[in-house]
Every structure is written in C-alpha cells, then in structure tokens.
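K.L.:
Residue-level listing of the chains:
There are 2 protein chains.
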Amino acid sequence: MQAIRRMITSQALAPGDKLPSIRRFARDKGVSPSTVVEAYDRLAAEGLIRPRPGSGFYVAALLDPTDSSAARESTDRAVDPFWVSRQSLDAGRETPRPGCGWLPPDWMPLAAVRRAIRAAAKMDDATLVEYGSTHGSLALRRMLVRQFASEGIEADAGQILLTSSGTQAIDLICRHLLRPGDTVLIDDPCYFNFRALLQAHAVRIVGVPYTQTGPDIALFQDALATHKPRLYLTNSALHNPTGVTLSPKVAHRILSAAASHDLMIVEDEIFADFEPDRSVRLAALDGLGRVIRIGSFSKTLSASIRCGYIAASPELVEALVDLQLATGFGGPSPLAAELVLRTLSDGSYYRHLGSLRSRLARRRREIVADLAKLGVHPWTLPRGGFYLWCRLPDAADASEVARRALRDGIVLAPGNVFSVAQTAADFMRFNVAQMNADVLRQLQKAMDQVLTGSE
Amino acid sequence: MQAIRRMITSQALAPGDKLPSIRRFARDKGVSPSTVVEAYDRLAAEGLIRPRPGSGFYVAALLDPTDSSAARESTDRAVDPFWVSRQSLDAGRETPRPGCGWLPPDWMPLAAVRRAIRAAAKMDDATLVEYGSTHGSLALRRMLVRQFASEGIEADAGQILLTSSGTQAIDLICRHLLRPGDTVLIDDPCYFNFRALLQAHAVRIVGVPYTQTGPDIALFQDALATHKPRLYLTNSALHNPTGVTLSPKVAHRILSAAASHDLMIVEDEIFADFEPDRSVRLAALDGLGRVIRIGSFSKTLSASIRCGYIAASPELVEALVDLQLATGFGGPSPLAAELVLRTLSDGSYYRHLGSLRSRLARRRREIVADLAKLGVHPWTLPRGGFYLWCRLPDAADASEVARRALRDGIVLAPGNVFSVAQTAADFMRFNVAQMNADVLRQLQKAMDQVLTGSE
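Heads up: the sequence lines are chains A and B, in that order. In case it helps, UniProt numbering puts the first sequence at residues 1 to 455. In case it helps, UniProt numbering puts the second sequence at residues 1 to 455.
Watch out, some of these pointers could steer you wrong.
If chains are identical, the list can't say which one is meant, so a pair holds when it fits in one copy or spans any two.
[To be verified] In silico SDA-like cross-links for lysine to any residue, where the CA-CA straight-line distance does not exceed 20 Å:
1) Lys29 x Thr211
2) Lys249 x Leu138
3) Lys29 x Asp124
4) Lys228 x Glu38
5) Lys122 x Leu255
6) Lys122 x Ala372
7) Lys18 x Leu341
8) Lys228 x Glu366
9) Lys29 x Thr452
10) Lys373 x Trp107
11) Lys445 x Asp28
12) Lys18 x Ala149
13) Lys373 x Arg6
14) Lys18 x Arg441
15) Lys18 x Gln422
16) Lys249 x Pro51
17) Lys122 x Ala111
18) Lys228 x Val206
19) Lys122 x Pro180
20) Lys373 x Asp222
21) Lys18 x Met7
Worth flagging that the hints you see were computed from the coordinates, not collected in a lab.
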C-alpha cells in the first residue's frame with residue numbers, strides 16, 4: 001500500500017492511470033498476489049484507486065480534502081443559543097470548556113463502556129446489522145420500567161420509546177403536540193437548547209422566572225391564564241442551569257394549574273442520576289398522562305453512544321412511533337441500545353455513579369471557593385450535578401467576557417443564552433468538572449478586560 | 001445473584017424488605033464480601049434492589065414488565081405507508097419479510113463489522129464518551145469527499161454533514177426548506193416512507209409517473225409549471241421500488257426544468273453501492289448547488305450502526321448544522337461514525353460489495369423465474385439491488401394479498417403504499433434476498449384466496 005501511495009503522491013501515477021496488474025506487481029515486489037489484492041482493496045475502500053470490472057485498477061481523482069467549515073467558524077458569531085453548543089462541540093480536545101454541558105472523559109465509566117463494546121463484538125448477527133424494532137430494545141425498555149417502578153412511576157414497556165438522544169425525544173414530542181404559533185412555557189433561565197429547539201418549531205416562547213424552589217408559581221399560573229400554552233418544558237431534578245431542585249409544594253401547584261388549563265408537561269430527567277437522593281417528580285405525582293418523561297444516558301454513561309427515551313401514555317407513544325419512523329426510519333441504533341444496556345448492567349456502573357456524586361460534591365465546593373476569590377458567587381448551591389449558576393462581579397457583561405475568553409481558547413456559557421427575557425446578562429454557567437487553575441486565570445483576565453474596557 | 005433472585009421471585013423477600021448485610025450474606029454463602037458487593041451492584045443496576053445510603057439494600061417494587069405495544073399491534077391496521085415499516089421492523093426474527101427494505105444478516109459484512117467493533121473498544125476516551133463535533137467525524141467526511149471526487153462530484157469536508165440516518169438527512173433538509181402548504185414532487189411509485197415523511201411536514205405531495213428511464217419528463221415539466229414545487233425527492237440509481245436507472249437524457253432534462261423553475265432536488269443515493277457500474281447522477285451533472293445528495297450505510301454495511309450524510313452547498317450545510325443541533329444536539333454517534341469508517345476501510349469490505357452484487361444478480365434471476373411460475377412478472381429487470389417491482393396476475397389486489405399473507409406470518413409490500421395516485425393496486429415489491437420456497441408457497445396461497453374470494 002505504501003509503495004502505491006508514494007507513486008500517487010509523487011505523481012509517478014496520475015489520476016486515471018492504470019495500476020500494474022496484481023500478478024505483475026506481486027512479482028515486482030516479491031510478495032504474494034493475495035497481499036496485493038488486499039492492498040488494492042484497501043486503497044479502493046479509501047477511494048484512492050478505483051476498479052473497473054474486467055480491466056484492473058485505476059488511480060482515482062486525487063485530492064486533499066479541505067474542511068471549509070473550520071474557516072467559516074469565527075469568534076464574531078452572535079452569542080445566541082447556538083453559540084455555546086457550536087463552540088463547545090467544535091473546540092479542539094485540549095481547549096478548556098467550562099461552558100459545556102458534559103463531563104470530561106476521565107469522569108465517565110470508561111472501563112465499563114469498553115467492556116460493553118468488547119462484548120458487543122460477539123452479539124448475534126441481527127442486532128449488529130438490522131434496523132431493530134420500532135420501539136427500540138425491549139430489554140432496555142424493561143430495565144427502564146423497573147427503574148421507573150422503583151421511583152413510583154407505573155409504566156409498561158409499550159409506554160417507552162427509545163430515541164437517538166434526549167433532545168430528539170423532546171423534538172419528537174414537540175412535532176407531535178405543537179403547531180406553529182402555539183405557545184410553550186419554559187423556565188427563565190433554562191437550558192439554552194430548549195430555546196433553539198422551540199425556535200425551530202416556530203412557536204411562541206414564554207419564560208417563567210425560576211426561583212430557588214422551581215418556577216415562580218404565581219407567574220406560572222398567570223402565564224397559563226394569559227397565554228394558554230400547550231406545553232411546559234422543564235427539568236425537575238437539578239434544573240439546568242441553576243441546579244435547583246423542584247420543591248414538592250411547587251410541583252403540586254404546577255400539576256393543579258396544568259390540570260385546569262389542559263397543559264402538557266415534558267419533564268426532562270437528563271440530570272436525574274446526579275441527585276444524591278431522589279427529589280419529587282411530576283411524573284411520580286401525576287403519572288404518565290399529562291406528564292411526559294424524557295431522558296438519556298449521555299451525562300453519566302456516554303454521549304457518543306447516542307440513546308434517549310420517552311415515557312408517556314400508550315396512545316402518545318404509538319403516535320410518536322409513527323412519527324419517528326417517518327422522520328428517522330426506526331429508533332436508536334440497536335447496537336447503541338445494547339451498549340447502554342450492557343453498561344448499565346455492569347456491576348461497576350452503579351459504583352461509578354456513587355463515586356461520581358461524591359467527586360462532584362468535592363469539586364463543587366472547591367470551585368465555589370476558587371470563584372469566590374474572583375468575586376464570582378453561585379446564585380444557589382446545588383445538591384448535585386456539575387453546574388454552578390453564578391453572578392459575575394460588578395455586573396460584568398457575561399457575553400463580553402465569553403467573547404474575550406474565546407480569543408484565549410476558553411469556551412464559556414454566558415447567562416443570556418439561557419434567558420428568554422435576557423435578564424441574565426451578568427450570569428455565567430460554570431461546569432465544575434471542566435475548570436482548572438488556568439481557566440480561572442483566563443476568566444479573571446477576561447473579566448478584568450471587560451470591566452476596564454481594555455482591548 | 002441467583003440466590004437473591006430466587007428469594008425475590010419465590011417471594012421469600014417482598015418489595016421493601018431489607019437484604020441481608022453484605023458481611024452476613026458473604027459469611028452465610030461462604031463467599032468473599034467483594035463477590036456480594038458485585039452481586040448487589042448488578043442487581044441494583046437491573047433495578048431489582050435499591051440501595052439506601054447508609055442503610056443497606058432493599059428489594060425494589062417487583063414487576064414483570066409487560067409490553068402493551070405488542071398487544072395493540074394487529075392485522076387490522078390500515079395498509080398505509082406505515083404498514084410495511086411497522087410490520088417489517090416488529091416482525092419476529094424468524095418471520096419471512098419479502099416486503100422489507102434490507103438484506104438478511106448473512107448478506108452483510110459481519111466479519112468486518114465485528115472487527116471494527118473490537119477495534120473500537122480500544123479507541124481514545126473522548127471518541128467513546130463525548131458528543132463529537134457538529135459536522136460529525138472529519139475522517140469519515142474526508143473519505144466521502146474522496147469517494148465523491150471519483151464520481152466527479154466536487155465537495156470539501158465542510159459540505160458534508162453526518163446524520164443519524166438517511167431518512168433523518170431528508171427530514172432535516174425538508175425542515176429547513178419547506179413550510180406547511182409547500183408542494184413537493186415525488187415519483188409515482190416511490191419509496192413509501194417518502195410519503196410518510198412528507199405527510200409529517202404537512203406539505204402537498206404531487207406524484208409524477210415513473211417510466212423505464214426515470215420520471216415521465218413531459219409530466220414532470222407540466223407539474224413544475226402547474227404546481228410550482230419547492231423540492232423534488234428521488235433516487236437516481238436503482239430507484240425504489242422499481243430498480244430503474246435514470247437515463248442521462250432524462251437527467252439532463254430534469255436539471256434544465258429545475259433550473260428554470262428554481263426547484264431544489266434531493267438525490268437519495270441509498271442504493272448506489274448496489275450498481276454494477278455507476279450510472280448518471282444529478283449531483284455529478286449539476287454540482288452540489290441545486291442538488292443535495294444524501295445517503296447512508298444501512299443497506300450494505302449495517303442498519304444497526306446508524307449513520308447517514310448530507311452533501312450540499314456550504315451555506316445549506318451550515319444552516320442544517322444549527323437545525324441538527326437544535327433538534328438532536330449533535331449529529332450521529334461518534335462511535336457509529338468510527339465503526340462505519342473502520343468497516344469501510346477494512347480490506348474485505350470492497351470485496352464484500354463485489355460478491356454481494358454477483359450474489360444478488362444470481363438471486364434476482366432465480367426469483368424472477370420462481371415468480372413467473374406464479375404468473376407474477378417484474379415490470380422491469382433492474383441492473384442491481386434486491387428489489388423486483390412486480391405485477392400480480394389477474395389484477396389481484398396486492399393489499400388484500402398482503403393482509404392474507406400476514407395472517408400466515410409473511411410481511412409483504414403491496415403496491416399502493418408506494419403510489420400517491422393509488423395506481424399500483426396490483427403491484428408488489430419483492431426483496432429477492434428475503435424470498436424462499438416457503439414464501440413463494442404462502443404468496444401463491446394468499447393470491448389464490450384473494451382471486452377466489454375465499455376466507
């Protein structure tokens with residue numbers, strides 16, 4: 001292969017030229033014909049050469065693929081809900097990303113994931129190459145059913161639909177329930193991608209200020225009366241970005257108000273596994289009728305093995321199955337579901353969750369102390385998870401701080417990307433697992449620049 | 001673990017009961033405490049028991065998850081575009097599925113896929129657990145760029161967006177380009193899920209009769225003038241369901257008409273690798289401006305490792321990146337992209353494609369002969385692929401035949417699910433790789449019942 005590569009890159013062979021016959025090349029190089037067949041096949045698979053049936057192999061059009069997308073990215077992009085996603089996802093692996101929404105790899109259950117992948121190589125043929133069933137892996141759905149039962153949520157496996165991510169789960173629900181012009185309630189602040197997602201649905205977005213016990217219930221009730229929203233989208237456990245836990249009292253009032261206004265609720269459980277003990281859940285209080293539960297395994301298992309779920313009424317799940325078929329043909333990868341199931345069933349996974357929670361609790365305390373030295377203070381002290389929702393000193397503009405930090409290669413998550421009303425200009429969400437001394441120095445520098453107005 | 005399972009299933013331990021302490025249980029059973037820790041952790045991961053911090057393990061609410069979805073499925077469901085998908089995907093693995101759109105596992109490159117999975121277990125940490133970049137694996141996009149170049153299609157890696165399936169690729173494009181009430185052209189007949197997908201977008205669907213050389217070009221031109229469609233969605237190579245290859249002349253006329261009516265075209269390349277040699281492509285003639293190319297690896301590599309792609313203008317790709325972020329947070333699984341890349345680069349994959357094409361050619365000939373004995377004849381003889389689009393004898397109603405066959409556990413694909421105008425009532429699409437003597441007998445029986453009107 002190297003010999004041919006050299007001939008092509010040195011232009012001894014030009015695009016369109018015929019390669020030596022397998023027999024001749026084998027004789028010239030003193031190797032077996034099967035070695036040459038193997039080499040030609042690999043080069044063909046890479047697209048460097050092309051076979052013409054009955055005629056031999058030819059050099060393909062040569063080119064060194066460039067990536068125009070990299071050049072188009074710039075630090076001038078508007079600081080909108082996409083800003084943090086794009087910067088976090090496309091940053092080089094060495095770039096500190098205190099603004100991102102996931103843990104660094106060494107906080108994840110790598111050994112269990114690798115074991116699951118090794119075991120998957122021995123799986124039955126059909127799971128490896130076929131589409132899988134419309135609802136997704138029955139074994140994984142059954143495991144979820146048992147987990148839900150232990151939380152007081154009754155469901156059968158037919159009430160669960162596996163999806164390819166938590167976000168896709170919400171998107172499917174919105175596609176089914178919403179029409180352009182409908183109104184949707186979200187928390188203010190809330191996960192920035194809720195805003196991006198709802199914008200894609202062309203719905204009216206109404207924010208309800210979030211308090212230390214959940215949404216401001218008086219304003220929530222007002223919003224229902226005034227705007228007649230179709231849907232409320234929220235995290236009950238470890239709300240993103242604040243880390244707040246919904247109180248039972250507010251949960252009960254949300255459900256009462258929802259019942260009298262025929263409001264549907266999507267309860268996003270994506271951070272549930274970070275809770276030290278289980279807090280109140282709308283789906284546990286009210287069942288899976290008005291409340292739709294969604295979740296994924298991205299935060300504690302793997303975001304690369306993409307798999308999420310929807311738990312809802314049987315009728316809704318049936319409608320969503322059709323919609324998922326129409327728009328994605330089938331649910332999540334059967335291989336992905338199998339990897340999730342095997343990792344969840346791995347003895348070490350449960351221990352991993354326990355030590356992860358302790359490690360995060362320590363890290364939160366450390367970072368709170370570190371940030372305090374910069375005059376940055378959390379709005380609340382979360383019971384779990386990796387976020388701190390903090391106010392910057394002297395009302396520093398967080399979007400400006402984020403822009404400055406990006407020049408030094410640090411990705412931050414400025415407050416207003418989380419705020420419908422744009423009332424979080426001096427807030428910043430920090431991911432404690434992605435912070436270190438260097439990040440803190442750069443943050444200090446960026447804040448100083450913004451506060452002194454220097455370039 | 002077995003001991004505890006027995007205690008739970010025999011109800012010696014009831015839900016809520018505390019399990020023996022780790023030390024006591026280890027002593028009782030004569031095993032090490034670490035063995036018991038491992039067993040308890042696994043049972044906790046399975047949801048059978050639950051830990052209470054500082055207090056020990058308790059039996060979780062016991063239940064044998066049922067699956068209500070299975071009970072709801074029935075043979076009475078309307079024979080609409082979802083009918084074939086649902087029946088094919090949810091059929092038991094032993095059910096013959098001559099109506100389905102994929103090859104049986106033993107026709108797939110299983111050894112190469114298993115090698116790729118084994119290698120993936122040793123991948124770097126970040127690829128295993130992080131989200132990955134917004135456009136998807138650069139290495140896989142570069143390989144696609146080289147492949148496209150050899151087909152005369154110029155693109156750089158930034159013009160390619162990886163998606164989680166070919167269908168999701170089309171869906172993203174439709175979400176971006178279409179608004180409810182827009183008109184979309186499709187072939188009649190066409191892949192039934194195009195109809196389901198477009199219905200989900202609430203657009204007007206106009207069908208153009210498909211001929212042995214592509215869409216009827218006079219009617220295509222008429223449709224452009226009359227309906228001003230925004231988009232035309234088609235397969236150029238081995239059109240589904242007919243297996244027809246677009247002729248260069250018709251391709252040129254489609255593009256001329258599209259240019260004068262500002263029509264966008266999605267060229268779905270999902271069956272491209274089945275062609276014995278490459279036929280004309282709209283994207284090769286016209287470039288990636290008006291024409292958007294989509295594809296996936298589901299048909300020849302694996303449908304379980306879900307990965308598709310979009311190749312389009314840089315501007316369109318940028319808009320689709322945002323839309324994919326908003327609606328799915330990130331593209332396909334980085335692990336899936338890696339598995340696809342490794343399988344494509346495996347020396348054996350290219351040989352697999354070659355032998356697959358020969359094997360399918362032989363099988364098509366055999367099944368054509370077998371079907372002829374039943375009076376079932378293909379409308380055309382495809383150059384490649386696994387479909388035969390056939391007319392049933394004596395104008396037998398294919399939907400009725402499919403209903404009868406389903407009672408005997410055979411999933412068929414009746415013609416009208418492919419037809420907007422419902423003009424294919426006596427057609428059936430057969431997947432030659434899923435046919436055998438038993439299927440042929442059942443087909444004969446179902447046709448006899450329909451033609452004689454017997455129950």
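K.L.:
All hints, please: hold or fail.
P.N.:
Each hint tested on the structure:
1. Lys29 x Thr211: neither (74 Å within a copy, 51 Å between copies)
2. Lys249 x Leu138: neither (36 Å within a copy, 49 Å between copies)
3. Lys29 x Asp124: neither (41 Å within a copy, 35 Å between copies)
4. Lys228 x Glu38: Answer is neither; intra-copy 65 Å and inter-copy 51 Å both fail.
5. Lys122 x Leu255: neither (47 Å within a copy, 48 Å between copies)
6. Lys122 x Ala372: So Lys122 and Ala372 fail the 20 Å test inside a copy (52 Å) and across (41 Å) alike.
7. Lys18 x Leu341: neither (49 Å within a copy, 26 Å between copies)
8. Lys228 x Glu366: The answer is neither: 44 Å in one copy and 62 Å across copies each exceed 20 Å.
9. Lys29 x Thr452: neither (69 Å within a copy, 70 Å between copies)
10. Lys373 x Trp107: neither (26 Å within a copy, 64 Å between copies)
11. Lys445 x Asp28: neither (63 Å within a copy, 62 Å between copies)
12. Lys18 x Ala149: between (66 Å within a copy, 17 Å between copies)
13. Lys373 x Arg6: Classified as neither: same-chain Cα gap 57 Å, cross-chain 56 Å, threshold 20 Å.
14. Lys18 x Arg441: neither (58 Å within a copy, 50 Å between copies)
15. Lys18 x Gln422: The answer is neither: 63 Å in one copy and 50 Å across copies each exceed 20 Å.
16. Lys249 x Pro51: Result: close neither inside a copy nor across copies, 70 Å intra and 26 Å inter.
17. Lys122 x Ala111: The answer is both: 18 Å in one copy and 10 Å across copies each meet 20 Å.
18. Lys228 x Val206: Answer is within; shortest intra-copy Cα gap is 10 Å, inter-copy 36 Å.
19. Lys122 x Pro180: Result: close neither inside a copy nor across copies, 47 Å intra and 46 Å inter.
20. Lys373 x Asp222: neither (40 Å within a copy, 72 Å between copies)
21. Lys18 x Met7: Within one copy, since 12 Å is at most 20 Å while 72 Å is not.
Violated hints, in rising order: 1, 2, 3, 4, 5, 6, 7, 8, 9, 10, 11, 13, 14, 15, 16, 19, 20; the structure is consistent with all others.
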